[in-house]
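Chemist: Sequence:
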Amino acid sequence: MFPAAPTPRPELPAARAAEGTDRPQSADRPAGAEGAAAPAPKSGGRNAFFDNAKYLAIVLVAMGHAWEPLTDGSRAAEALYMTVYTFHMPAFIIISGYFSRSFDMRKDRLQRLVTGVAVPYVLFETAYAFFKRWADDDPGHPISLLDPWFLTWFLVALFIWRLTTPLWKVVRWPIPLAVAVAVLASVSPDIGDDLDLQRVLQFLPFFVLGLSLRPEHFAMVQRRAVRIASLPVFAAALVMAYWAAPRMSSAWFYHRDSAQELGTTWWIGAVMTLALFGCSIVMTACFFSWVPTRRTWFTVLGAGTLYGYLLHGFLAKGSRFWGWFDDYRWLHSPLGEVAVTLIAAAVVTALCTPPVRRVFRFAMEPTMAWAFRKDPADSARARVGA
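Following our numbering, the numbering of the sequence shown begins with 1117 at its first residue and continues without gaps.
Accuracy of the hints is not assured; some may be wrong.
What follows is a set of in silico ranges between Cβ atoms, one per label pair, in the way DEER data are often shown [unchecked claim]: (1) Glu1377 - Ala1341: 25 to 31 Å; (2) Phe1488 - Thr1381: 32 to 38 Å; (3) Ala1345 - Trp1486: 51 to 57 Å; (4) Ala1462 - Asp1253: 42 to 48 Å; (5) Arg1222 - Val1297: 40 to 46 Å; (6) Met1484 - Ala1296: 49 to 55 Å; (7) Asp1442 - Arg1489: 51 to 57 Å.
Here are the simulated DSS-like pairs of lysine-lysine, each with C-alpha atoms no more than 30 Å apart in a straight line [what the hints assert, rightly or not]: (8) Lys1285 - Lys1223; (9) Lys1285 - Lys1490; (10) Lys1490 - Lys1223.
No lab work stands behind these hints: they were computed from the structure. Positions of the beta carbon are idealized from the N, C-alpha and C atoms, including for glycine.
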């Protein structure tokens, strides 16, 4: 997830898996509201705004993973880490929900869900397990498809969220219902670690929000007034995070544990879930307001964000296993923190490029026609057409 030209293949299963629709992105171009800048028009069958947003969000994800080892010794790094964690995954999930609006149980869409989400999950969960056995000298680390490790939780979540899309499209109040589910999950320590259901349920409101959004909503946050207002909002968020850094665990932003597992009472979990949801929505809107709507040098990388997301995890974890942040103490200096940030951005950018996508397409975008039954109706139509 460098050239400005669009990728030659208009329909990529893994890239589209994060979008969840077989319509071109440009079909959802927001109508321009008064004073609003609508996302960019059709370009190569994709919408520049959403590709830009996905790329920038995945860069922030990689930066966040690079900052994590620095947070123990730097209050400023912890504040920046907490601020970014407020909105980078919510933004990515909202976009995934937005492009899942057309999902139903149609055969081709179910096949794409399997090949673009389920198969990469199985392959990368297995690859991560073997990587941990080797890099962390942990030969007993289990290979368990029921217990996602590190980044693969998102694929499990996306699979479950998308399967439930028809339900959210028929209920009267989908967002309040999803928030209620997240609150109940946050106060239920017995959910356990299987399929990382805590994250699946606690991040669910962002996906459902994406399902409920329309093009004009993205146009609204692109207005100049929102863009200007986002600056003091970001500044206030950083100040608040700097104050909260020594007083609050950043584990709240992972949404992977219940309140009781974080050492507090159930009602604080409910309050924190609602508060963080509100903060995340505000911060995500501010983030979207600054995403370019025109084509840029990184627009083409938006189609490869799932590649960058899954592949950068090997380096993110390897840097811990191999003790880089312990051996090179200069990384904990201000200059080192800047260097780590730039390296993380460069690495994930490279992993989103078309050459990398071509190399790993076998794992991320398998066709697997052999695995699915042929539809007799398709054969009949082909004979009629012949």
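Chemist: If a hint holds in the structure, say so; if it doesn't, say that too.
Modeler: Results for each hint:
For Glu1377 and Ala1341, the hinted distance range of 25 to 31 Å is not satisfied, since their beta carbons lie about 41 Å from each other. Between Phe1488 and Thr1381 the beta carbon distance is about 49 Å. The supplied range of 32 to 38 Å is therefore violated. About 53 Å separates the C-beta atoms of Ala1345 and Trp1486, a value consistent with the hinted range of 51 to 57 Å. Our hint of 42 to 48 Å for Ala1462 and Asp1253 is violated, since their Cβ atoms are close to 28 Å apart.
Roughly 26 Å separates the CB atoms of Arg1222 and Val1297, a value that falls outside the hinted 40 to 46 Å. In this structure the supplied range 49 to 55 Å is violated for Met1484 paired with Ala1296, their Cβ-Cβ distance being about 37 Å. Taken as a hint, the range 51 to 57 Å holds for the pair Asp1442 and Arg1489, whose Cβ atoms sit roughly 53 Å apart. A hinted pair counts as satisfied when its Cα atoms are at most 30 Å apart, and Lys1285 with Lys1223 qualifies at roughly 19 Å.
For a cut-off of 30 Å, the pair hint linking Lys1285 to Lys1490 stands: about 29 Å separates their Cα positions. Our distance criterion of 30 Å between C-alpha atoms is met by Lys1490 and Lys1223, whose separation comes to about 10 Å.
Checked against the numbered hints above, the structure breaks hints 1, 2, 4, 5 and 6 and satisfies the rest.
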